[in-house]
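Engineer: For reference, the chains in residue letters:
There are 2 protein chains.
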Amino acid sequence: MAMIENVCRQTLEATEFVTIVTQGEAGPHVSATWGDYIRAMGIDNDTLIVPVGSMQKTEANLRRDSRVQVLAASRQVQGTHGPGQGCLLTGTAEILIDGDLATKVKEKFPWARGAMLIRVGSVKTQL
Amino acid sequence: MAMIENVCRQTLEATEFVTIVTQGEAGPHVSATWGDYIRAMGIDNDTLIVPVGSMQKTEANLRRDSRVQVLAASRQVQGTHGPGQGCLLTGTAEILIDGDLATKVKEKFPWARGAMLIRVGSVKTQL
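Going down the list, the sequences are from chains A and B. Just so you know, we're using our numbering here: the first sequence kicks off at 5 and counts up by one. Just so you know, we're using our numbering here: the second sequence kicks off at 5 and counts up by one.
Okay, chain A solo, but in the shape it has when bound (with noise of 0.2 Å):
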């Protein structure tokens, strides 16, 4: 079953940003990214893939604990309570810096030095 669908994936499609949360040793650990750069990267199904720049907290907290938290909202998509909405995506990810992905991701992003792989284990409208 898809997980990426309907009202998720219209706020996808629109969000300027999305936040990327993981679990630190010393509490959460809060990372973002540009609703444009995993849009580039195509929103398949159940997975995203984000361009890593930095991110060294986030690759290590992975490491430790690979549950993700990302979370997108726009006020361009109709929300339940009127214009706006918000989809709160949990699952898990992992930083690859080698291999098919990470090359597919530093073509389009030079700066960037792997990719994240994010997959959806279920979604949740917030907002």
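Keep in mind that the hints are not guaranteed to be accurate.
If chains are identical, the list can't say which one is meant, so a pair holds when it fits in one copy or spans any two.
[Stated by the list, open to error] Listed next, the in silico DMTMM-like pairs over lysine to aspartate or glutamate satisfying Cα-Cα at most 25 Å (straight line):
1. Lys110 with Glu98
2. Lys108 with Glu63
3. Lys61 with Glu29
4. Lys128 with Glu9
5. Lys61 with Asp104
6. Lys61 with Glu111
7. Lys128 with Asp40
8. Lys128 with Glu17
9. Lys108 with Asp50
Rather than coming from a laboratory, the hints here were simulated on the basis of the structure.
Since chain A is already given, all that's left is putting chain B on it; use the hints.
Structural biologist: Okay, now just chain B, sitting in the frame of chain A:
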């Protein structure tokens, strides 16, 4: 010293939404609100006020651990690497159901059940 100034203030003035992250018992908890909402309540030097609709989990988390992180971002703000800047605000927060601040929030947002008062302790640019 004002915490919310310069590029971070510009980002808060422009961001479409903000992500609000607290520490839950089972990992980070991710919530969000619209930039319009926090701007409507006024952004002063070192506090943010968020109208609280649901946010039951966030409220329970803050009672145990008052630390909060708030991420804002906008392509409209000139960043270090071109158009676009993010800002991560770290501090503590509490949710007030009664009192002057809650009343002020409910006057502007009749659906709100209270006010989240965020005291910003540090800011960091992102993206």
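Engineer: Work down the list of hints and note, for each, if the structure agrees.
Structural biologist: Against the structure, the hints:
Proximity of Lys110 to Glu98 under the C-alpha cut-off of 25 Å is restricted to the intra-copy arrangement: shortest distance 16 Å within a copy versus 42 Å between copies. In this assembly of identical chains, the alpha carbons of Lys108 and Glu63 lie at most 25 Å apart only when taken from the same copy (19 Å versus 42 Å across copies). When the C-alpha separation of Lys61 and Glu29 is checked against a cutoff of 25 Å, the pair qualifies both within a copy, at 10 Å, and between copies, at 21 Å. In this assembly of identical chains, the alpha carbons of Lys128 and Glu9 lie at most 25 Å apart only when taken from the same copy (11 Å versus 33 Å across copies).
For the homomeric pair Lys61 and Asp104, the shortest alpha-carbon distance inside one copy (23 Å) is at most 25 Å, but the shortest distance between copies (40 Å) is not. Only within a single protomer do Lys61 and Glu111 lie at most 25 Å apart by alpha-carbon distance; the minimum there is 24 Å, versus 41 Å between protomers. Taking the shortest alpha-carbon separations for Lys128 and Asp40, both the intra-copy value of 21 Å and the inter-copy value of 22 Å come in at or below 25 Å. When the C-alpha separation of Lys128 and Glu17 is checked against a cutoff of 25 Å, the pair qualifies only within one copy, where the shortest distance is 16 Å, while the shortest distance between copies is 27 Å.
With identical chains, the CA atoms of Lys108 and Asp50 are at most 25 Å apart within one copy only, with a shortest distance of 18 Å there and 42 Å across copies.
The structure fails none of the hints (numbered hints given earlier).
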